[in-house]
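Please construct the entire structure, taking both the sequences and the accompanying hints into account.
Line order of the protein sequences matches chains A and B. Just so you know, we're using this note's numbering here: the first sequence kicks off at 1 and counts up by one. Just so you know, we're using this note's numbering here: the second sequence kicks off at 1 and counts up by one.
Derived by calculation from the structure, the hints in this document are not laboratory data. Think of the CB as a built atom: it goes at the ideal place given N, C-alpha and C, for glycine as much as any other residue. Possibly wrong hints are sitting among the right ones.
To be verified - Which chain A residues face chain B? A few, computed with CB under 10 Å, are given here:
id: 1; residue: Arg11
id: 2; residue: Tyr14
id: 3; residue: Ala15
id: 4; residue: Tyr46
id: 5; residue: Gln47
id: 6; residue: His70
id: 7; residue: Val75
id: 8; residue: Leu77
id: 9; residue: Glu81
id: 10; residue: Gln89
id: 11; residue: Thr91
id: 12; residue: Val98
id: 13; residue: Glu99
id: 14; residue: Gly101
id: 15; residue: Tyr122
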Amino acid sequence: MEISRHWRLKRQRYALIGEVCPHCKKKIFPPRDICPECSEDARTLYQFSGRGEVYSYTTVFQAPAGYEEHAPYTVALVKLEEGPMLTAQLTDLGDEPVEVGMPVEMVTRKLRSDGEKGMLVYSYKFRPRFKEAVR
Amino acid sequence: MTEKKETPILKPLRDVGIVGYGAYIPRYRLPAREVARVWKSGTGGLSIEEKAVAGLDEDVITMSIEAARNALARASIDPTEIRAVWVGSESHPYAVKPTSTVVAESIGATPHTQAADWEFACKAGTEAMQAAIGFVGSDMADYAMAIGMDTAQGRPGDPLEYTAGAGGAAFLLGPAEMSLATIEGSYSYATDTPDFFRRAEEKYPVHGERFTGEPAYFKHITSAAQALMEALNCSPSDFQHVIFHQPNTKFPKRVAKQLGFTMDQIETGLLVPKIGNVYAGSSLVGLTAVLDVAEPEERILLVSYGSGAGSDAMSLRTKALLPERRGLAPRTHDYISRRTEIDYATYARYHGKIAMK
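What follows is the structure in structure tokens.
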């Protein structure tokens, strides 16, 4: 049962809320309460813009348990505008090829469900930045 | 004893308006000819061109979040000032657990807020709007978010499968002086009319074929529109735009004609040929398309319809702030033109119509 863990992570997952270090101003994601740069206490919440670009990516064909219905899907290392790098699925790709350096933006999507009767897990994913996606 | 009001028009104590609005339409499109290819050997008339289909990782929660974020971007207010997040839909992902709490959490409106889900077939969204007008208009709150969003269901091969689409819109209601469009007045008309329903635990709805027309859609929409226009002492020619619930292309055109509106007045808000019937979002996403282009001081009539049955009618007047704010989020037609066509097999997979066990 992972309900408590899902609940604890909801703010970072739904809205990309991390932290900013009050000492060295480094933006932190995921939040970890200690600044990875200066090792000082860092608990000030910070709302990331959700904009970033693809640093690298791969396509998953053999999905782990809970993600099978979404396979094949693309997972990317996304470098956020504010600095941190995170791993996330790409979504709404349509027919567009994924490229390193592609501008992307965060959307909140369904990540998986804890089985047929379990809770639905929502989290951040990234899609081609909207203005670029309009043809 | 308070004096009985002469007309049943709904008018709050304090003037209310739309301070932010946002649409959401998913990327995938299923052409009606593709449904006809599978079920009718390609024969028969088509009531629309294509419908919008939600992706595998989308549902009413995720779609509502994006529409609400668009509404917030246009409103440019702090989300902690929102006192209600209400989501109307007939496809809430959970039977028990609110859609609205996830949406409220995602947009930063928690915890000092009301959150609830509304259900009234295709008019659950305008019902939430009516409540939000009352909530703000009574001064209980400065801001309330009302959303109508659906990923509609249709039995494979059923006439509904051609049109049952996905999409909707969010509206942030607030004080009239800060609004992009003010609410001039509203009215609701409801009776027990069983034209369409889905029993608890059932996957697909049942509809009353021809019964969905005259005693249901046409009776409720014309009654609501006429009562509101009479109470506001205005006529069809006073409105630049009119939006009706749009289950297909034929019904809104016919009801417009019955009421005395021209095709020019309904054109901007008539999206059903391109996205299908998006149920609780249907008339609301028509309204966002109109707000995307309307000039200040134009009048808009919105009339929803929900099976079961009822209609909400609202008269709106656009304000000077509208053109300044609409560029702050994607427009409705940005979503419509962001389009990836899929075949019936992909659609069947996306909608869970393929049994895996």
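Status of each hint after checking the structure:
The beta carbon of Arg11/A comes within 7 Å of a beta carbon in chain B, closer than 10 Å, and the hint placing it at the interface holds. Taking 10 Å as the C-beta contact cut-off toward chain B, the hint placing Tyr14/A at the interface holds, the least distance being around 4 Å. Among the interface hints, the one on Ala15/A holds; its C-beta lies about 5 Å from the nearest C-beta in chain B, closer than the 10 Å criterion. Restraint check, Tyr46/A versus chain B: the minimum CB separation of about 13 Å is more than 10 Å; hint violated.
A cut of 10 Å between beta carbons decides the hint on Gln47/A: the least distance to chain B is about 8 Å, and the hint holds. Look at His70/A: its Cβ gets to within about 6 Å of chain B, closer than 10 Å, so that hint holds up. The beta carbon of Val75/A comes no nearer than 13 Å to any beta carbon in chain B, farther than 10 Å, and the hint placing it at the interface is violated. For Leu77/A, the suggested interface contact is broken, since its CB lies about 19 Å from the closest CB of chain B, more than 10 Å.
Because the smallest distance between the Cβ of Glu81/A and any Cβ of chain B comes to about 17 Å, over 10 Å, the interface hint for this residue is violated. For Gln89/A, the suggested interface contact is upheld, since its CB lies about 8 Å from the closest CB of chain B, less than 10 Å. Contact between Thr91/A and chain B, as hinted, is supported at the beta carbon level, the nearest pair being about 6 Å apart and thus within 10 Å. A least Cβ separation of about 15 Å between Val98/A and chain B goes past the 10 Å threshold, and the interface hint is therefore violated.
For Glu99/A, the interface hint is violated, since its Cβ never comes within 10 Å of a Cβ in chain B; the closest pair sits about 18 Å apart. Taking 10 Å as the C-beta contact cut-off toward chain B, the hint placing Gly101/A at the interface is violated, the least distance being around 21 Å. For Tyr122/A, the shortest C-beta to C-beta distance to chain B is roughly 6 Å, which falls under 10 Å, so the interface hint holds.
In summary, the numbered hints that this structure violates are 4, 7, 8, 9, 12, 13 and 14.
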